[in-house]
Amino acid sequence: NAGVTQTPKFQVLKTGQSMTLQCAQDMNHNSMYWYRQDPGMGLRLIYYSASEGTTDKGEVPNGYNVSRLNKREFSLRLESAAPSQTSVYFCASSDPGQDLDQPQHFGDGTRLSIL
Amino acid sequence: AQKVTQAQTEISVVEKEDVTLDCVYETRDTTYYLFWYKQPPSGELVFLIRRNSFDEQNEISGRYSWNFQKSTSSFNFTITASQVVDSAVYFCALSDPYGGSQGNLIFGKGTKLSVKP
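So the sequences go chain by chain: C and G. Positions in the first sequence are counted from 1; adding 23 to them yields our numbering. Positions in the second sequence are counted from 1; adding 671 to them yields our numbering.
It should be emphasised that the hints constitute simulated quantities derived from the structure, not laboratory data. In this text the structure is predicted, and so the values were computed from the model without any measurement. Note that the Cβ used here is the ideal one computed from N, Cα and C, for glycine as well. Wrong hints could be hidden among the right ones.
Stated by the list, open to error - Some chain G residues well away from chain C (every beta-carbon gap over 10 Å; in silico):
id, residue
1, GLU715
2, LEU716
3, GLN754
4, ASN775
5, GLY781
Unchecked claim - Cross-link-like lysine-lysine pairs, in silico, DSS-like; alpha carbons within 25 Å at most:
id, chain 1, residue 1, chain 2, residue 2
6, G, LYS687, G, LYS783
7, C, LYS94, C, LYS32
8, C, LYS32, G, LYS780
9, G, LYS687, G, LYS709
10, G, LYS780, C, LYS80
11, C, LYS80, C, LYS32
12, C, LYS32, G, LYS783
13, G, LYS674, G, LYS780
14, G, LYS674, G, LYS783
15, G, LYS674, G, LYS741
16, G, LYS787, G, LYS674
17, C, LYS32, G, LYS674
18, G, LYS674, C, LYS80
19, G, LYS783, G, LYS709
20, C, LYS94, C, LYS80
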């Protein structure tokens with residue numbers, strides 16, 4: 024019963040390097056989300072995908088790109104990492120189309136440090 | 672605009688004390704959902720409860736209880752007889768399922784609860 028799986032769990036990058044965070048869910052959910060969590064800021068939405076083939080910007084999209092590869096997978100890419108992107112990244116999935124009050128299911132997070 | 676405010680940044684209590692975590696929300700929608708999540712020191716997010724805007728009944732689950740009041744736009748969370756294992760960051764969140772972001776959660780900044788033995 025995997026739920027939402029994120030890889031890697033930890034990563035250290037140098038400024039300017041690129042990286043892709045992977046997320047996969049096995050619950051057949053239509054919607055997937057990427058959040059970042061910074062100290063004292065709660066979780067903020069970076070991008071979301073309401074269905075396979077669609078993506079939309081959230082509150083803090085600058086510096087990121089996403090790909091909804093298929094229904095299961097939703098990746099987050101940092102093209103040129105900056106220290107301001109040091110954060111904990113959470114992927115989530117849900118199916119609001121079927122159950123509007125269904126909670127989002129979260130992965131365990133990716134702790135990303137950019138030096 | 673939608674917003675969730677958790678005014679208490681940190682709370683410290685001694686074990687067995689009761690503690691209430693406050694949550695105030697803003698939304699123009701008539702249909703919305705409210706959630707509480709727990710984030711223990713290990714870092715994962717644990718879903719605790721959801722409540723839709725049409726159901727103002729209070730809910731109790733063991734030592735946890737929730738008080739939803741639309742008149743004051745509040746959704747407060749009380750832990751009775753707190754335990755050390757309750758130490759965590761607690762997030763209140765708001766969801767607008769009919770909004771453009773298809774059920775995106777808008778989080779408060781969280782309240783860090785420390786329960787001391």
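Inset, instruction - Could you check the structure against the hints above and give me the numbers of any it violates, in ascending order? - result: Numbers 1, 2, 4, 5, 16, 17, in rising order.
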